[in-house]
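**Student:** The primary structure of each chain is shown beneath.
Number of protein chains: 2
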Amino acid sequence: MQRLFKNINEWKIIQDEIEIKENRLAESIMSIGNGYMGMRGNYEEYYSKDSHRGSYIAGIWYPDKTRVGWWKNGYPEYFGKVPNSVNFIGIDIYINGKQLDLAKFKIKSFYRELDMKNGVLSRKFTVDVDGYEIEASVTRFLSIVTKELGTIKYDIKALNFSGEVMFVPYLDSNVKNEDSNYEENFWVNLESNSNENYGNIVCRTKENIFNTEIFTVCAAMGIKSSKKPKEVTFKNKEYYSSNTIVLDIEKDETVGIEKYVAITTTRDYNENELIEVANKILVNEISKGYETILKEQCNAWNKRWESADINIRGNQFAQQGIRYNLFQLFSTYYGDDARLNIGPKGFTGEKYGGATYWDTEAYCLSLYLATTNKEIGKNLLTYRHNQLQQAKDNAKQLGLSGALYPMVTFNGVECHNEWEITFEEIHRNASMVYAIYNYTTYNSDNSYIKEKGIDIIVEVARFWESRVHYSPRKEMYMIHGVTGPNEYENNVNNNWYTNYMAKWCLEYACENIEMLKIECPEAIDRNHVTIEESSNWLNIAQKMYLPYDKDLDIFVQHDTYLDKEFIKVNELSKENLPLNQNWSWDKILRSCFIKQADVLQGIYYFSERFSKEQIKKNFDFYEMYTVHESSLSACIYSIIASKVDNLDKAYELYSRAARLDLDNYNNDTEDGLHITSMSGAWLCIVHGFAGMKVLGNKLHFEPKLPNNLQGYSFNINYRDTTLNIEVDEELVNIKNTGDKSVEINLYGQDYNLEDKIQVSLYKISNNAESNA
Amino acid sequence: MQRLFKNINEWKIIQDEIEIKENRLAESIMSIGNGYMGMRGNYEEYYSKDSHRGSYIAGIWYPDKTRVGWWKNGYPEYFGKVPNSVNFIGIDIYINGKQLDLAKFKIKSFYRELDMKNGVLSRKFTVDVDGYEIEASVTRFLSIVTKELGTIKYDIKALNFSGEVMFVPYLDSNVKNEDSNYEENFWVNLESNSNENYGNIVCRTKENIFNTEIFTVCAAMGIKSSKKPKEVTFKNKEYYSSNTIVLDIEKDETVGIEKYVAITTTRDYNENELIEVANKILVNEISKGYETILKEQCNAWNKRWESADINIRGNQFAQQGIRYNLFQLFSTYYGDDARLNIGPKGFTGEKYGGATYWDTEAYCLSLYLATTNKEIGKNLLTYRHNQLQQAKDNAKQLGLSGALYPMVTFNGVECHNEWEITFEEIHRNASMVYAIYNYTTYNSDNSYIKEKGIDIIVEVARFWESRVHYSPRKEMYMIHGVTGPNEYENNVNNNWYTNYMAKWCLEYACENIEMLKIECPEAIDRNHVTIEESSNWLNIAQKMYLPYDKDLDIFVQHDTYLDKEFIKVNELSKENLPLNQNWSWDKILRSCFIKQADVLQGIYYFSERFSKEQIKKNFDFYEMYTVHESSLSACIYSIIASKVDNLDKAYELYSRAARLDLDNYNNDTEDGLHITSMSGAWLCIVHGFAGMKVLGNKLHFEPKLPNNLQGYSFNINYRDTTLNIEVDEELVNIKNTGDKSVEINLYGQDYNLEDKIQVSLYKISNNAESNA
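The listed protein sequences derive, respectively, from chains A and B. Anchor point for the first sequence: position 130 equals 130 in our numbering, and the numbering is continuous, going up by one each time. Anchor point for the second sequence: position 532 equals 1532 in our numbering, and the numbering is continuous, going up by one each time.
Hints are computed from structural coordinates only; laboratory data are not their basis. None of these values were measured; they are calculated from a predicted model. Be careful, since some hints might not be right.
[To be verified] What follows is a set of in silico ranges between Cβ atoms, one per label pair, in the way DEER data are often shown: (1) B/Phe1210 <-> A/Asn208: 24 to 30 Å; (2) B/Leu1546 <-> A/Gln316: 58 to 64 Å; (3) A/Ser741 <-> B/Glu1565: 51 to 57 Å; (4) B/Asp1551 <-> A/Asn582: 42 to 48 Å; (5) A/Glu207 <-> B/Arg1339: 42 to 48 Å; (6) B/Glu1475 <-> A/Ile209: 51 to 57 Å.
We treat Cβ as the ideally placed atom computed from N, Cα and C, and that holds for glycine.
The whole structure should be built from the sequences, with the hints applied where relevant.
**Tutor:** See the structure below:
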């Protein structure tokens, strides 16, 4: 754990002093985004020390070539990546001719805050630029009202001199990805233009040998000065466009500029319209003025918080953590565009390439279902339905039937090329179906299944049917050669989670076929499902082999897992951790150590099917060997710990999930934030502490309160109404703030909730053990 | 199977007509080499259709960058490759100004032969070049007397015209590898010079980010014309140097040139001496004259055949096959340089990068031990001893003790980067020790062990000690996470072969420690072996888990192999084969199909430890599921088939081994020849049909004769004498052609062989089943 910013505020991330050594970590944490684009917390002005500059535009990607596994059929040939895009925040500053550089001059004070309530990043600092002391105030935001818009206000006050300040706002497309395999530039400059108070650049992603989609991006900037400039010149060259604005400054005077940037792309417009559209946006926004658009931004963010905020009492770390997660998650995706999805690092770094993983379905969907409107959840499902053909192609390429959704993708085509992941981590397919189940049960609405969902459900069932094999020796169906969610093992046989989920997918397909026979036969016909086919699915499901150990009374991660050498995580000396930075891949693979929930992921999905004792045995066993080196791990363990009344552990793991990046738990936040796992903190509270789950078409709660908290409350959207759940040290209050009554179940008791109910908080009895 | 050249000759490979469509296959088959360098069977003159031009120089390699597994520690970062080097055979030909191109003009006759007895490649063809009919005779060889020398004689006879012939002999370093990951050129041109009848080029491998060794290569050519030229000009530019020689020609006259090329490299000389040394060689060789050096070449090859030839009676296909294998193997390596080794494709293609694999120890060493002098075998062992430090570094990088020899290497550093191979295919380590055992027992000479071998034996034992783990459940030592010789499975647990070999390595280490205690205590001290250490090795060996199935009474390939779905190879329809070209890697991995001998490899190494019945059960079982898609597979199966008297199968598999490339069994010879597996055909005859093996310090024979042969005979060098073994349909004759008597065992009977013995051939009784 490494907490960079120690000044804790429940609504803000506060940086009290400049960070040179851990600048990349600070840049990751101070990232902002608006779902359409985003960027790391880089400085506007020149900075000469280590920094990782990055701006990214949603949905724009590039196939970075790599070659491996050359004689093995079916390998994808590239890694898809979100290219680092035009640097549009840049403003070089010169004070009486000296270039401002926070790495070089004496800083007298420095303050930066990320205001999560309003979606604004601002800085204030005093610096002695070779004798000229200035105070700078810089504010930046990416608008969630006009998605193409980014705005910067950069003001400078002369503290001990009079003279001139030169502002050089620019656009720069000569940018590379640090993780480019071969130091390639992914962009071709088409044009760059400049004018007084104006500039633009148009760039296109390079043609490539894989013939993937080409994108063109236009960035246009408009500049407003706080006073009439002494001189304005402008420049443009390949990949670059700038203005140079010289302003006189008197001692104690503040001067500055506003930089408005509009980003348009061929995802929305024809290439030849890009400049025109961007210009129109600029004219419109500049005419509104900075204060107005800032106010719009604040209002829009405040509205998001109204429905989604989680309030935590008695623990500001936990409070800040959960808000930070919601803020960054919504900055990455708010569901407006069904062509987009949620990248594991969002717009905050290059790693994981900004692509779509199963994280969305497994970890994020529940949050969007409960905190945003129904359409947003549906958009996430539709994204996958739009890519069904590619998933069918993918299965076919492997010689299998049905559809195999990719492990990593931008456009539905698999674009990660390690065979142990792409060919074997097939459990992801089940989460595509689980997401449909989740959406359907949460909303009590079969319409999506009828319209689209069944197509996926059927093709995934077909996939499993072709991927299992029958073992005459065991008289069971098996699934060999898989990688479970625990990526610290590969190519294992009969991973319990995978087999369990495959079995469930087959059963769920049959259930839905039965339902559709009555409600929507067309959906069955459309998918050409025969009685023979679905009865074979049931047969396989019934004879699916699920490894279980009698002595330990646990589900076994996979066939030979228990033959390993067992060492507990807490017996490992610290220098081994994190394993992925200290051990060879070989050593990790052979060890008993688990990266993230595997058996427990299945228990989380279907906890109602297991007794509390069963869950506890599995939790106690696997928890000993789990290193949580996936950002997706702690939340699931926390939820299960809540379920088995191990609330100290649940809280410990919640902290880890909620403050993973703020406290840099996995020692890799410098590469970017763990965006998709941020929903995990929300899950810990809502599914974990509050025990929320839809069962038998009713919303169940089982609220508990860890010792380290005095209480928590949150809102959820549920079936056309809004519920507020509030838990304190004694009581549970559930309010229906809408005007439609709902059936709920609290602590096993059914209620028809019209207004509100209040019951005593469940207290853990003494004989419930705690492992903490 | 695809037999390109149907005219079979026992000493020659004969091509009767030009091959346009399968030109790459023809080029592979017509490869020549001299251990120092080699080349594919490209034409000297311009050829406008598909061709894969390639010349390679032994020991010169380049680290071609690739990136994968970016977050996994211990991955090598590059694939090492032998760069395609200077094209030095090139001679462009113009007949009255028209460029000769066999792809373009009408060919009236075409004949090419690879004369294996003499090591010479020649062509004769008649072609109508736009009305000018010529007969060309071209001879080329790479000298095994002066390793730096390559020579070409190119003659042209005018059949229906008088006029002029222009010869443009050139050197061209502007060459690329087709398998370069990023279409990079690996060479930098340092200089190129030309003069009348002379030219040179000096090139250096590019600096690279991995800081591996840089090599410089100089090619110098000298030209002699058959008559005084009408005109000679010369040219040189970057990467290119040429002469243009115009000769008058009368109808029915033959004119031509001789091109002498000397290749020198910084492997042997300083960079600034390269041209001088090459020139000296040229002067010397040219003064000898073409006929003399050709004669030297023939004599030297004839001498090799005297000791190594295998004579086969009654089957010219088999006869040609075995000679072709010996020819290509000796063209690749003849043991003169302990810094070199035997690349799986030798100098005949790019694939497998010309690097060193375990093939050398497992398949080639036995042949060199028996057919060349003792020093050559020792050189192969010394190669690995020289690289012990790199093997120790490799183990350390994985967090293990001792030494792990690389799967693929040029200089001892692992240079292949698939984790399932580099981290897991660790059985290779045992073959390093087996090679020492093989050398030692064949020669009855412990001196190598004392001097060097024990260092490897000890470090490999240390490796196994750290790589096993104890399973309390099974109370056995296990080895998890390995890839056996069968690369159609990965990351399996308790691969029988690996465990068996590890056990043997540990036992063999202890045996040698005991021997050295008495004979050479210094060797123990030097390696700091304690009694505790070696007794722990014995303990592990004793408790090594070796999977065995009671019902089938076979050794099990690995823990869960028998849970698979079993389909016999002969039940697969043809379009599935070869699997590696028709199935996805995923499907292959999960299947029961075996690429090459795995359990049987262990049985081959230690056949004396198993009963004939045991061997038969294992053979019969595994043979059903083996697709032999490794070129190293058929030979081992053939040997085991001989052992269990299944001679039809043994012959069938021998044919596949012996004519793998001539008949293009694996449909990939166009990429290059399977050099290391060529020793397999020799093994089939000597270890298989003749049943030769050293046991209890005595050479044993168990000769058998497959139905398809009338007899076979071969010589072997053995302990300072030479034996000739001759088998016909009735008799076995073993002659000692040296003057030292040797102890041998024939059909279980001991002999002190001074002159010769003759016994009746063993005939398979009727109740010995045959699977054929």
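**Student:** Decide, hint by hint, whether the structure agrees.
**Tutor:** Results for each hint:
no., hint, in the structure
1, B/Phe1210 <-> A/Asn208: 24 to 30 Å, "holds (26 Å)"
2, B/Leu1546 <-> A/Gln316: 58 to 64 Å, "holds (60 Å)"
3, A/Ser741 <-> B/Glu1565: 51 to 57 Å, "holds (55 Å)"
4, B/Asp1551 <-> A/Asn582: 42 to 48 Å, "holds (44 Å)"
5, A/Glu207 <-> B/Arg1339: 42 to 48 Å, "holds (44 Å)"
6, B/Glu1475 <-> A/Ile209: 51 to 57 Å, "holds (55 Å)"
Figure legend: structure checked against the earlier numbered hints; every hint is met.
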